[in-house]
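K.L.:
Single-letter residue listing:
There are 2 protein chains.
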Amino acid sequence: MTVENIRFLISRELKAGTHPGDLLEQLEDLEMDQKVELIQQLSDQEAALLFQEMEDFEQAEIIRGLDRERAMTILTDMASDDAADLIGKLSPEETQEMLQLIDEEEPADFGNLLKYPEESAGGIMTTEFISLPADIPVEEAIDRLREIAPEAETIYYVYVVDQDGHLIGVLSLRDLIASTDGTILKTIMRRNVISVNAGLDQEEVARIVSKYDLLAVPVVDDQERLLGIITVDDVIDVMEQEATEDIYRLAGAGEVVDMELTEAPVSKVVRLRLPWLMISMVGGFISGSVIGGYESTLEAIVILAVFIPVIMDMGGNVGTQSSTIFVRGIATGEIDEAEVWPYFFREIRIGITLGLICGAIISIAAYFWQGNPYLGLVVGISMLATISVAALIGTLVPLLCSKINIDPAITAGPFVTTIKDVTGLMIYFVIATAFLQYLR
Amino acid sequence: MTVENIRFLISRELKAGTHPGDLLEQLEDLEMDQKVELIQQLSDQEAALLFQEMEDFEQAEIIRGLDRERAMTILTDMASDDAADLIGKLSPEETQEMLQLIDEEEPADFGNLLKYPEESAGGIMTTEFISLPADIPVEEAIDRLREIAPEAETIYYVYVVDQDGHLIGVLSLRDLIASTDGTILKTIMRRNVISVNAGLDQEEVARIVSKYDLLAVPVVDDQERLLGIITVDDVIDVMEQEATEDIYRLAGAGEVVDMELTEAPVSKVVRLRLPWLMISMVGGFISGSVIGGYESTLEAIVILAVFIPVIMDMGGNVGTQSSTIFVRGIATGEIDEAEVWPYFFREIRIGITLGLICGAIISIAAYFWQGNPYLGLVVGISMLATISVAALIGTLVPLLCSKINIDPAITAGPFVTTIKDVTGLMIYFVIATAFLQYLR
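Top line first, the protein sequences correspond to chains A and B.
Per my numbering, residue 20 is the first one in the first sequence, and the count goes up by one each step.
Per my numbering, residue 20 is the first one in the second sequence, and the count goes up by one each step.
Calculated directly from the structure, the hints in this document are not laboratory data.
Take the hints with a grain of salt, since some may be wrong.
Since the list gives no way to pick out one identical chain from another, each pair is judged satisfied if it fits inside one copy or across any two copies.
Stated by the list, open to error - Dumping the calculated DSS-like pairs for lysine-lysine here, alpha-carbon to alpha-carbon at most 27 Å: (1) K287 with K54; (2) K108 with K422; (3) K34 with K230; (4) K34 with K54.
Note that the structure is predicted; figures quoted are calculated from it, not measured.
So that you can see chain A by itself, here it is in the shape it has in the complex (with noise of 0.2 Å):
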C-alpha cells in the first residue's frame, strides 16, 4: 500500500473509533521516511494520537525527520512526561532545538522533567496534576474540574496545597462525589498522603503504587513542594520494563533498553549479548586451568571426565535458583533488604538438604553406572558439597552486591556461574584425587 492509502486508511479507522494502537500493524511494512511522510499528512490530532502510540526510539526517529511546524503540534500536545522522555533521547544539540520550540508555547515545565534520570520519580512524572485550595467547598470543586478536565492527566485525584506549593491533603473525585455541597475541601481531604520524592528510583515508586493500590502518586521535592504525579499507567510500564531488566540480566543477555532485544538489527543484538559472552568466555578458562591442574589425576583414571558435566549443571542450576529467588525476592519486596541474614541461613539449610538428597542419589547410580563403590563415595561426597556451595555462593554474591547498591541481578549471571564451576571443579578434583588409590 503506497503511503497515502494508508494515510486514507487511518484517517477512516480513526473516525470510526478504533484505538490508534490497533492501528499500528497497518504500518509495520514501511520505512522509517515513509512513516514520517505518513505523520507530515496526517491531520494535527490524527498524527498525535498514532505518534503516541508508537515505540521510543522510532519516535525519536521520527521527530527528527517531521519539519519544524508539526514537531512541535506533537510535542505540545503530548503528556508532559512522554514528551520529556522524548527530548531526553535525542542529542543535546537536538534538544536544545526542541526545547526551543516548545517555549514558544508552554511555559519551562520541562526543564523541571529533564532535571530528573530518566529511571526517578521526576523523570516519570507528569505535570499535568489538578491542585486546588483548601478552603473552597466541593461543589466549587467539581466545577472546576469540570473545566480542567480535558487538559489533565487524571482527574480522579486530587491535591491540596497551600500558598507555597507545600502537599497538604488529598481528595479522590469519589470523595467529592460522595460528598455533600458545601463541604469544604480542608475538613474532608485526608491529610496522610502518600508521596514520593523526585529523586526516589521508579522501581521503589511501582513497589509503592502497588502497595497501596493506588492510581496516581504525587511526587514532591525535598521541601515537599508538589512537583508533579505518575499515573498508574506509566507505572504498569515500569513494571513491565524493570521485570524485562531484571530477567535479561538473570539470563546475561545484556543490559537492555525497552524492546532492543527483539526488534534491533542483528549488529546492535550482537555488541548488546557479547560482553557477558567474553565474560563467560574466561570464565571457562578459569574452570578449564583447574581440570588442566588436576592432569595427572585425570591421566590416572580417565573416567572422571564423565561426571564433569553433572557436577557443573547441578552446581549452576542450585546457584541459578538460589541467585533467582533472592534477586526475585528483593525486587519485589518479599525479602526485605534489612533482614536478610535470616533468609540467607534458611537458603544455606536448604542447600544441604538438596545436596544430601541428590549426593545420596548420584552416589549410587555413579556406582552401577561405572561398577566402582569409591567412584560412587567421590561423586557424591562431592555433589554435597558442590550444591552446598553453590546454594551459598548463588545468595551471598547478589547479597552481598545488594548491600553496596549494585543490581544483584547483573552478578547472579556469568559471575556466578564462574565462581560455582570453579569451586565445584576443585572439590571434585581434590576429593578424587585424595581417594585415587582406590579408583584405579
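Since the structure of chain A is provided, determine the placement of chain B on it from the hints.
P.N.:
Here is chain B on its own, set in the frame of chain A:
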C-alpha cells in the same frame, strides 16, 4: 508484645489514619493462633482492614481459625473477587461451609466467581461494578454514582447495558463530569467497548489493560453479557505474579504460586526445587555419557578435557540468552506469536555472528595457551558450531512449545540445557577425534 498490646496499638494507628498495610510488620513475630486471636478481638471494621492486607495463604489459615460470625463479617466485607480467591484456596468441605455462611447474607455472586479458573478473567473479576441504562441524563447518572460510591470497587467507569444485561457502552466519570446537564448517556457513551471474555487468561487481560491504559476492563460471557470488571490494581498484582512465575521457570526454580519460595518452610522449598534438579541430573549423566563415548580420544589427549567447561558454558550462555529473549518477548507481546519465523531466522543469524567472533577469539587463545595450532582450530570450530546450534535450540524449543500451548518458560530451563550440553560436547569430540592425529 502481647496480643492485647498489639490490638491496642493497631486500633490507635488505624484511627490516626495509618495505612493498614504498614501495620503488618507489627504482626511479624506472632504465631498463627495469636494472629487468629488478634483478628477475633479487633472491631469488625479494623479486622476487615487488616485482614485484607494479608497474604493469601495467611488469610486462608486465619479464616479457618475464626469463629463463624467473625469469618462471615470479614468475608462479606471483602471485595467479591478477593473473597472468592480466598474461598477457592480452602478444601471443598470448607468452601461449602463458607458459601453457606455468605449465602445467608448476599446473593449468589460467588458461585459465578468460583466457576472460572483462578488465573482467568472470570477468576480475578469483581462483581461490584456500576451499570446504568442508556436513556438517563448525565445529572441522574452522577446522582446515582453518589449513592453507590461507597459500595462499588471503582466508580471511574460506568457501564451501559441493555435490558438483557448485554454490554453496549462505557462512560468514564471524566466523560460524565465534563458533560453538560441534560445530556442523555446514549449520546455520549463510547460504543466500541474494550472487554474481555471471562475465560481469557489473566496474562492476556493484563496485556490489554496495559496496552489501552485502562483503569478497569469489563468481563463478559460468550453472549456479551456483563459479568464483572477487573480493576487496574488487580492487573498490577497479576503482572507481578506472572513475571515472577516466568522468572522462576526460566531459572528452573520450580512451579510457584505467590511468595512460596521466599517464605515457605525449608521442606516445602526443597520439594518445589528438587524436580528440576532431578531433570538436570539426568541431563548431566547424558552429557557425561557423550564424554564416556569418546574415552579413547580423551585417553590419547587428556588436555582436551580442559576445554569441556568453556564449550559447555558458552553454549549454555548463548542458548539461555536466546531462550530468555524469546520467552520474554512472547510474554510482553513484543514478539507476535503469529510471526515468529522471521524472528527465528534473525536469531540464527545472530547466533552465527556470535559464534564466528567467539570462535576466532577462542582459537587464538587456545593456541597460545596450549601451544598447538591444531588444538586452536579444533576448539575454534567447535565453538562456532556449538554457539550457532545453541542459539537455534534456545529459540526453537520454546518456539515449538508455544505453538502447542506449553508455556515456553518451562522448557527454557533444564531441558534446553541438556540438549545444548549434549550437542556441544558431541560437536567438540567429533571434531577432536577427526583431528586426532594432528593433536598428539
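K.L.:
Does each hint hold? Answer for all of them.
P.N.:
Status of each hint after checking the structure:
no., hint, result
1, K287 with K54, "within (22 Å within a copy, 55 Å between copies)"
2, K108 with K422, "neither (31 Å within a copy, 37 Å between copies)"
3, K34 with K230, "between (39 Å within a copy, 20 Å between copies)"
4, K34 with K54, "within (20 Å within a copy, 57 Å between copies)"
Comparing the model with each earlier hint shows a violation of hint 2 alone; every other hint is respected.
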